[in-house]
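Position chain B relative to chain A; hints supplied.
Chains as they are written, first to last, in numbering that gives the first Met the number 0: chain A, 0 to 222; chain B, 0 to 222.
If you are wondering where the hints come from, they were derived from the structure by calculation, not from laboratory data.
Fair warning: this is a prediction, and the values are worked out from it, not measured in the lab.
Just so it is clear, CB atoms sit at the ideal spot from N, CA and C, and this is done for glycine as well.
Don't take every hint at face value.
Stated by the list, open to error - Between beta-carbon pairs, the in silico distance windows are:
| no. | chain 1 | residue 1 | chain 2 | residue 2 | range |
| --- | --- | --- | --- | --- | --- |
| 1 | A | ARG216 | B | ARG76 | 49 to 57 Å |
| 2 | B | LEU174 | A | ARG179 | 32 to 40 Å |
| 3 | B | ASN98 | A | GLN18 | 21 to 29 Å |
| 4 | B | LEU9 | A | LEU102 | 30 to 38 Å |
| 5 | A | ASN98 | B | GLY87 | 50 to 58 Å |
| 6 | A | THR154 | B | ARG213 | 40 to 48 Å |
| 7 | A | LYS220 | B | GLY87 | 37 to 45 Å |
| 8 | A | PRO105 | B | LEU174 | 37 to 45 Å |
| 9 | B | GLY198 | A | PRO105 | 47 to 55 Å |
| 10 | A | ASP210 | B | SER66 | 28 to 36 Å |
2 protein chains.
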Amino acid sequence: MEIKVLKDILSANNQIAAQNRQLLASKRIMAINLMSSPGSGKTTLILRTFEKLKDKARMAVIEGDVSSSIDAEKLGRAGVTAIQINTGGGCHLDASMVNSALLNLPLDDIDILFIENVGNLICPGGFDLGEYLKVVILSTPEGDDKPHKYPLLFTQANALVINKTDLLPHVSFDLAAFTRTFQSFNQRAALFTVSAFTGEGIEEWGKWVMDNLRKLRTANKSK
Amino acid sequence: MEIKVLKDILSANNQIAAQNRQLLASKRIMAINLMSSPGSGKTTLILRTFEKLKDKARMAVIEGDVSSSIDAEKLGRAGVTAIQINTGGGCHLDASMVNSALLNLPLDDIDILFIENVGNLICPGGFDLGEYLKVVILSTPEGDDKPHKYPLLFTQANALVINKTDLLPHVSFDLAAFTRTFQSFNQRAALFTVSAFTGEGIEEWGKWVMDNLRKLRTANKSK
Numbered sequence: 000m001e002i003k004v005l006k007d008i009l010s011a012n013n014q015i016a017a018q019n020r021q022l023l024a025s026k027r028i029m030a031i032n033l034m035s036s037p038g039s040g041k042t043t044l045i046l047r048t049f050e051k052l053k054d055k056a057r058m059a060v061i062e063g064d065v066s067s068s069i070d071a072e073k074l075g076r077a078g079v080t081a082i083q084i085n086t087g088g089g090c091h092l093d094a095s096m097v098n099s100a101l102l103n104l105p106l107d108d109i110d111i112l113f114i115e116n117v118g119n120l121i122c123p124g125g126f127d128l129g130e131y132l133k134v135v136i137l138s139t140p141e142g143d144d145k146p147h148k149y150p151l152l153f154t155q156a157n158a159l160v161i162n163k164t165d166l167l168p169h170v171s172f173d174l175a176a177f178t179r180t181f182q183s184f185n186q187r188a189a190l191f192t193v194s195a196f197t198g199e200g201i202e203e204w205g206k207w208v209m210d211n212l213r214k215l216r217t218a219n220k221s222k
Numbered sequence: 000m001e002i003k004v005l006k007d008i009l010s011a012n013n014q015i016a017a018q019n020r021q022l023l024a025s026k027r028i029m030a031i032n033l034m035s036s037p038g039s040g041k042t043t044l045i046l047r048t049f050e051k052l053k054d055k056a057r058m059a060v061i062e063g064d065v066s067s068s069i070d071a072e073k074l075g076r077a078g079v080t081a082i083q084i085n086t087g088g089g090c091h092l093d094a095s096m097v098n099s100a101l102l103n104l105p106l107d108d109i110d111i112l113f114i115e116n117v118g119n120l121i122c123p124g125g126f127d128l129g130e131y132l133k134v135v136i137l138s139t140p141e142g143d144d145k146p147h148k149y150p151l152l153f154t155q156a157n158a159l160v161i162n163k164t165d166l167l168p169h170v171s172f173d174l175a176a177f178t179r180t181f182q183s184f185n186q187r188a189a190l191f192t193v194s195a196f197t198g199e200g201i202e203e204w205g206k207w208v209m210d211n212l213r214k215l216r217t218a219n220k221s222k
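Chain A with its partners taken away, still in its complex shape:
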């Protein structure tokens, strides 16, 4: 009985996610579902990406948080179009929340849409939002053992961004050991080491984002 309810919720979510995906494709928007623990640097990475790519692509952000609009305000002050979703206790965004946000965004003026999920390494893994790419951020102070403890998100990622490399001299994070562990869960994901704080590594990450936008648009055109 309980399993039936869960199935219904997930299949309803998947239907709306498919609608989101169709809407985004029709507008030629690349949506990136950005997932991490609280405080790993999702918003700072978005801000750095905006600085790096603003002359090449138009960007907008859907901000997911249990409560507050701190991050959307921070993005707004930097000139990024951002819309805040408060889940009011929920530990992840779902496709219908994203659908509501899409209806309130200027979709004709967006190339790249970041969907900043609720800070959580577990719940977001169960919910397709209609995104084109899933990106997971892990910051070095969180430790190099996280894929073992939270396998689902790491397995799903199209790219993994190791953030806060500026703190590497001060924390016990073994980059080589982490890479081996991560790749035992996920061989296909692109791997980036960045400091969103200092800007280190943002060049490579921005290039990957733009490459994927071109890929999506070429695929779109050939249909």
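Coordinates of chain B only, in the frame set by chain A:
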């Protein structure tokens, strides 16, 4: 209909939590439900607390993780009695998981029981485990805005431990601003600043733990 299901789950959880609380009280055990984001330092704080208090109190740990037994093994190597619970995808421990663990622990030989919840700043807030105290850890690299974004856990805490103070010179965490924010959500909680890595601040924290153990035992005796 959905709300009814949720109610049933929560009321079943509360019944088992009450049983856990009664069992723990009958054995004069103080249980501390330790909650934080992934990688905030729950296990390291437990290890430091064990080092500090091992001559004064007998300690055991229930380890909650989605998957793996890394932390229980780490504790075991240090000589701490630990039992691992894997939630297999669940984003928090619940009272029945803790109940199963209690039945497998040598309850007559334990004074302080740490229940290390799944790394998550959201889900654990909804589930009473039968603990005596709730303690939340926030590490400085996570940022000083977290109470606004994840109010429930911060509001519930009997104590808040700010961990990784050794990283303060390298991260943008305003301790005074954080304290003001936190106290606007929760005035009664004890507040500790520690580095579980260097041992800074562990003395004060250990004193608070022992004070609470004495309080529980005096209250127990006067019944």
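Range hint 47 to 55 Å: satisfied by the CB atoms of B:GLY198 and A:PRO105? Given a distance of about 53 Å, which is inside 47 to 55 Å, the answer is holds.
CB of B:ASN98 to CB of A:GLN18, is that within 21 to 29 Å? Once the Cβ atoms are compared, 43 Å apart, the range 21 to 29 Å for A:GLN18 and B:ASN98 is violated.
Okay, B:LEU9 versus A:LEU102 on CB: inside 30 to 38 Å? holds (33 Å)
Per the hint of 32 to 40 Å, is the separation of the Cβ atoms of B:LEU174 and A:ARG179 within bounds? holds (36 Å)
Take the C-beta atom of A:ARG216 and the C-beta atom of B:ARG76, compute their distance, and say whether it sits inside 49 to 57 Å. With a Cβ separation near 53 Å, A:ARG216 and B:ARG76 satisfy 49 to 57 Å, so the hint holds.
Given the range 50 to 58 Å, decide if the beta-carbon distance of A:ASN98 to B:GLY87 lies inside it. violated (30 Å)
Taking the CB of A:THR154 and the CB of B:ARG213, does the distance hold inside 40 to 48 Å? About 47 Å separates the Cβ atoms of A:THR154 and B:ARG213, which means 40 to 48 Å holds.
Could you say whether the range 37 to 45 Å given as a hint is met by the Cβ separation of A:PRO105 and B:LEU174? holds (40 Å)
Measuring from beta carbon to beta carbon, are A:ASP210 and B:SER66 in 28 to 36 Å? holds (33 Å)
So the hint says 37 to 45 Å: do the beta-carbon atoms of A:LYS220 and B:GLY87 match that? holds (43 Å)
Violated hints, in rising order: 3 and 5; the structure is consistent with all others.
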